[in-house]
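Chains as they are written, first to last, in this note's numbering: chain A, 33 to 470; chain B, 107 to 245; chain C, 9 to 407.
Because the hints were derived from the structure by calculation, they are not lab data. Keep in mind that the hints are not guaranteed to be accurate.
To be verified - List of simulated lysine to aspartate or glutamate pairs, DMTMM-like, C-alpha gap at most 20 Å: (1) B/K189 - A/E438; (2) A/K422 - B/D138; (3) B/K189 - B/D133; (4) C/K166 - C/D133; (5) A/K376 - A/D388; (6) B/K175 - A/E366; (7) A/K414 - B/E197; (8) A/K248 - A/E183; (9) A/K443 - B/D133; (10) C/K206 - C/E174; (11) A/K184 - A/D388; (12) C/K244 - C/E254; (13) A/K414 - B/D133; (14) C/K371 - B/E229; (15) A/K184 - A/D417; (16) C/K349 - C/E329; (17) A/K451 - C/D396; (18) A/K422 - B/E153; (19) B/K189 - C/E178; (20) A/K443 - B/E188; (21) B/K215 - C/E174; (22) B/K198 - A/D424; (23) A/K443 - C/E69; (24) C/K283 - C/E389; (25) A/K414 - B/D138; (26) A/K248 - A/D237; (27) C/K246 - C/D233; (28) A/K413 - B/E153; (29) A/K451 - C/E70; (30) A/K241 - A/E366; (31) C/K371 - C/E329; (32) A/K414 - B/E153; (33) B/K189 - C/E174; (34) A/K443 - C/E178; (35) A/K413 - B/D138; (36) A/K443 - C/E70; (37) A/K451 - C/E69.
Said to hold, decoys possible - Residues of chain C clear of chain A, computed beta-carbon distances all greater than 12 Å: (38) L73; (39) D133; (40) S242.
The beta-carbon is built from N, C-alpha and C at its ideal position, and this holds for glycine as well.
Chain residues, written in single-letter form:
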Amino acid sequence: MQSTRDASSGLPWTERIRRKMWGSDNPPGLKDPYGGPGYFERRRQEAQAERGRGQIPTEPTIVEHEPALPEPGLPEMSTLEEESAQNTEHSHAQDMMRSRSVPENDPEKEDLTYVQAETWNGLEQVGLSGHWSETPPTPADSFRPYLAAFEKASSWKEILSALHQAVVEVVTLRDSRLPLTYSLGHIAYKPDVLAALSTTTIEFDYHSKQIVLKYKDGGRRLMVEAILGDDLQRSISPYEPVAETTYAEVPALEANGDTTFTAPDQESQELRSQEADFPGQDIEYDGTHTFVATKEEMNNGNGDQYKNNIEDLPPQKRTAYTVTSADFITMPLEPLELRFAVIKRASQLTGHRIPDPLITARQSLSSIYSYLGRDRDSPPKKVADRLLIKPDVINLPNVHIMPRRETPVDKDKRLGRWKIIEAELHSKGLPVLGKSRV
Amino acid sequence: MPVQGIRTVATNQNGLGAFIVQCKRLDLHYCDWYGSSRGMNSFLTSELLPRLSRMHPQVSIHISPRPNKHPVLRAHYINGREKAVCVRNLEKEQIMQKCELLVQSQGGKNRKIRGRNVLSENESVRGIWSPFHGGIKDV
Amino acid sequence: MKRLRLLRWSDTVLSPRTRPRTIISPQCQCRRWQSATHQPFLREAHSSKDVQGQVPDTLSEEHLLRLPSPPIQAASSSAKLAALHARLQLPSRLPLQVLARTLVDPSADPSPQFNNNPFSILGNDFLGYYTSEYIICRYPRLPLAVVFAAMYAYVGPKALAAITREWGVEAAAHPGGEVDPGYLQFRRVAPESDMGSKPSALISPMPDASSGWKRRGISSRTVHDDEFGDVRQSAKDKEASSTAIEGVTEEKASTNFVRALTGALYLHSGRAAVKSFFREHFMSRQLNIASLFNFRHPQRDLSRLCAREGFQSPVARIVSETGRKSRHPVFVIGVFSGHEKLGEGAGSSLDEARTCAAVAALKGWYLYSPTELRVPSEMEEPGARKWDRLLVDPGDIVV
């Protein structure tokens, strides 16, 4: 039921409803619930204000909020009446409509710098043309998964050798006063280094209550060389994000022909400052020095940042060796940082994700060891795997077991038809399986 | 012109000479995840499968997973027809019964045997009655 | 008949790799999965290294695609092949690899060491020998045209193709190394290729117009033509046809397979196995020989036959009749030679009845079968009785 008085006021029906809901002619709330005029509107208004010509006489200022709800019977009624009078005459909707209109018919109001474009040359482009998947990858697109390199270790031998390798590497880092957060990545050990690694024994020193490594002759040197190695087999650690190379450190290392591996100045300062507590205990990762660039990368300069993406790396082969004694599993690894580094390295090497509670649960690696081998002795879960182990099923001459779902392509291959289909599709340029990306 | 010969093909009666088992292939499909396939999975991993295979060496048994579907037995016969039996929620002994049913069947549609049917290629020993023989006309 | 010293010259047929071998070897640990890409979960005892050591590189898919027929190792891992072996109840002395070889047609693999051609030549001889002696010894007076028809019905190409289907042998779409060895592999004829004329439905004793004076009668076909009375392709014709048409029909491939299986069975399991195989799968098939006759002029043939055999000339007499002037008369006419009735026939007209009677008389003569069936190949078996001579008809009637 609308009175003719409201109809003649020229208010939009939204405003009318709003007033009816609140029961007054000046309801509270945002004058413009959509936050006022838009960006272009405001810019135009500002430009016009600057020009200071041809202003709309009753153009209201941009009011974010309306005045508060009027108390009954207050002297503010007069001001409210004025405002309501203003509002009734020039509602915000009308203003919006008016201000939105382009004053085409008024050449003086036009922006002199504004030239209407007929083509899109030179215009600022927003968004991508084409499919986002066709844009070349940026550094931000490179993804280095944490555990992508290796297949999961499945046998006790692999697990034990991974743990042994982890302990040896991390304790070597500690002894060489390198930070425990030093990214080891994938190190393809040469046979002599591997021999040294496998023959290194891990012992527990009861006086200092630390893990101590007993290398064979020259083993320590080979190990540290391999970890910090300069040879071509070494790749960038795929497990750490690529930071910018700080070539300043590299000459320092190169010039230093010392085999005792004094760390660059930055690091050594940090280390010396905290050596009193425990070497490598509270190293802060400042993010500037994450790896040592090889000579090749140095020569390349800024080169390909994505050269050593995980996808380009050849599939890593785990080098598992026979560990002589498994006593180190029960040795306590203190402090927590050392244990964490060992477990992290073990996780990298075995390819298993080790849950966090296991890190602090025990001081030794025994819980990690049993966790890594938890599936080793359990029977396989898939029926096909269980069947393919049973000799009395495999040796049945008229039984054929397929581990995966049989598809029509399998039947075609059995009949010898598939190669012909494939050849025909190739000759016609059609996709063989699935859809082609056009 | 003397007698000519007509080219035909001699017909076979299965079992008269050699008996050829009509079921030539049995597909066993299971699912690793579906609960309805538990019976089928236990059938496959139990000793019932080797027993089935040994009892019927003429049937080639193919085992393959069919993920996210009910377990199914599919038998292929020499006449080109197939018979499929869904074995969802059955126990392994029941599945064995279904396998036996399929293997011992022929490819044709299931037919009810009515009466005492005698099918033979041989002529009757005493001959079919004829009105023109036997001297009936001599009344 | 002199025993064929087949073992002496069977080296060319038996290649060294197909020495008899038991089908199931307990030591065989070969894994049977179809795709080489999937490696299932393996225990430490059967680590992936061991498996890779057992599966040689020759079974990679690229290598298989290059082979014209499946490799030998594939035969032991094919469930289909093992099932076929058991379905036919073949003796265990016949290895799976040989059965796999019998399924490979020469059009699929031209090498005679890997296809079934050597086996099929031998098997064809055996099948023809056993079938022909069975037919002739069972019906010694059968005319040659009907003998050929009976041979065709038992071991002709159509019959062997039907046998292959009844055995549950399927044909592969295209030959290759990746094909399952249990399939019949052959190269198919391209569609719309000229296969030449089909064999006629009737085996006629009349000679061809083009054959000349040498081929006057049907008896010469036993010498010059094949076991079904059809003209053999000369070597030139064979070459010309093979270059023109690449591939064989499924019927031809099935024929080759069955013959090859027979031959391989003989070589690996001996004569007794082949004989029982023939008896079970071929001889047990039902054929009504009486339905193979097609007479043109039975009365003339009968009178010539009686003249040859020295009987009195045949006379047709009404034995009984009814309804002569009605719509459905029945005349029963007997053909008599003197006082002996040779045959009887019933018909709606006198001529029809007389023809029927002559046909019955001729069939009665031709389908004579001795009470005791003895075949010459019995004598090859140990402890055979002394051979009693069998009188076979002197030949067809000359009309």
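Hints, verified against the model:
Taking the CA atoms of B/K189 and A/E438, the gap is near 18 Å; set against the 20 Å cutoff, the hint holds. Between A/K422 and B/D138 the CA atoms are separated by roughly 18 Å; this keeps the pair inside 20 Å, and the hint holds. This hinted pair checks out: B/K189 and B/D133 have alpha carbons roughly 10 Å apart, not beyond 20 Å. For the hint linking C/K166 to C/D133, the alpha-carbon distance of about 17 Å falls within 20 Å, and the restraint holds.
Taking the CA atoms of A/K376 and A/D388, the gap is about 10 Å. The hint holds against a cut of 20 Å. A distance of roughly 52 Å separates the Cα atoms of B/K175 and A/E366; the hinted pair therefore is violated under the 20 Å criterion. Taken as a hint, the A/K414 and B/E197 pair is honoured in the structure, with Cα atoms around 19 Å apart against an allowance of 20 Å. Of the pairs offered as hints, the one joining A/K248 and A/E183 is violated, with about 30 Å between alpha carbons and a cut-off of 20 Å exceeded.
Distance hint between A/K443 and B/D133 is fulfilled; the C-alpha atoms sit about 13 Å from each other, no more than 20 Å. A hinted pair counts as satisfied when its Cα atoms are at most 20 Å apart, and C/K206 with C/E174 does not qualify at roughly 24 Å. About 18 Å separates the Cα atoms of A/K184 and A/D388, which keeps this hinted pair within 20 Å; it holds. With a C-alpha separation of about 16 Å, the suggested pairing of C/K244 with C/E254 holds against the 20 Å cut-off.
For the hint linking A/K414 to B/D133, the alpha-carbon distance of about 18 Å falls within 20 Å, and the restraint holds. Straight-line distance between C-alpha atoms of C/K371 and B/E229 comes to about 16 Å, which keeps the hinted pair within the 20 Å bound. A threshold of 20 Å between alpha carbons decides the hint, and for A/K184 with A/D417 the separation of about 17 Å falls inside it, so the pair holds. Our distance criterion of 20 Å between C-alpha atoms is met by C/K349 and C/E329, whose separation comes to about 17 Å.
With a C-alpha separation of about 60 Å, the suggested pairing of A/K451 with C/D396 is violated against the 20 Å cut-off. Distance restraint check for A/K422 and B/E153: the Cα-Cα separation of roughly 11 Å lies within the 20 Å cut-off, and the hinted pair is therefore satisfied. Of the supplied pair hints, the one linking B/K189 and C/E178 holds, its CA atoms being roughly 18 Å apart against a limit of 20 Å. As the CA atoms of A/K443 and B/E188 are separated by approximately 16 Å, the hinted pair is consistent with the 20 Å bound.
Taking the CA atoms of B/K215 and C/E174, the gap is near 18 Å; set against the 20 Å cutoff, the hint holds. At most 20 Å may separate the alpha-carbon atoms for a hinted pair to count; B/K198 and A/D424 meet this at roughly 18 Å. Our distance criterion of 20 Å between C-alpha atoms is met by A/K443 and C/E69, whose separation comes to about 15 Å. For the given pair, C/K283 sits about 10 Å from C/E389 by alpha-carbon distance, which is consistent with the 20 Å threshold.
With a CA separation close to 6 Å, the supplied pair A/K414 and B/D138 stays within the 20 Å bound. With a CA separation close to 18 Å, the supplied pair A/K248 and A/D237 stays within the 20 Å bound. At most 20 Å may separate the alpha-carbon atoms for a hinted pair to count; C/K246 and C/D233 meet this at roughly 15 Å. Between A/K413 and B/E153 the alpha-carbon distance is near 18 Å, which keeps this suggested pair within the 20 Å criterion.
Taking the CA atoms of A/K451 and C/E70, the gap is near 11 Å; set against the 20 Å cutoff, the hint holds. Only pairs whose Cα atoms come within 20 Å are accepted, and A/K241 paired with A/E366 is accepted, the gap being roughly 8 Å. A hinted pair counts as satisfied when its Cα atoms are at most 20 Å apart, and C/K371 with C/E329 does not qualify at roughly 23 Å. Among the hinted pairs, A/K414 with B/E153 is consistent with the structure: their alpha-carbon atoms are about 17 Å apart, no more than 20 Å.
Only pairs whose Cα atoms come within 20 Å are accepted, and B/K189 paired with C/E174 is accepted, the gap being roughly 18 Å. For the hint linking A/K443 to C/E178, the alpha-carbon distance of about 13 Å falls within 20 Å, and the restraint holds. Between A/K413 and B/D138, the direct Cα distance comes to roughly 8 Å. Compliance with the 20 Å bound is thereby established for this hinted pair. For the hint pairing A/K443 with C/E70, the CA-to-CA distance comes to about 18 Å; that is within 20 Å, so the pair holds.
Only pairs whose Cα atoms come within 20 Å are accepted, and A/K451 paired with C/E69 is accepted, the gap being roughly 11 Å. Listed as a non-interface residue, C/L73 fails to keep its Cβ farther than 12 Å from every Cβ of chain A; the least gap is roughly 6 Å. In this structure C/D133 is separated from chain A by more than 12 Å, as the shortest Cβ-Cβ distance comes to about 31 Å. The beta carbon of C/S242 sits about 33 Å from the closest Cβ of chain A, which is more than 12 Å, so the claim that it is off the interface holds.
The earlier numbered hints that this structure contradicts are 6, 8, 10, 17, 31, 38.
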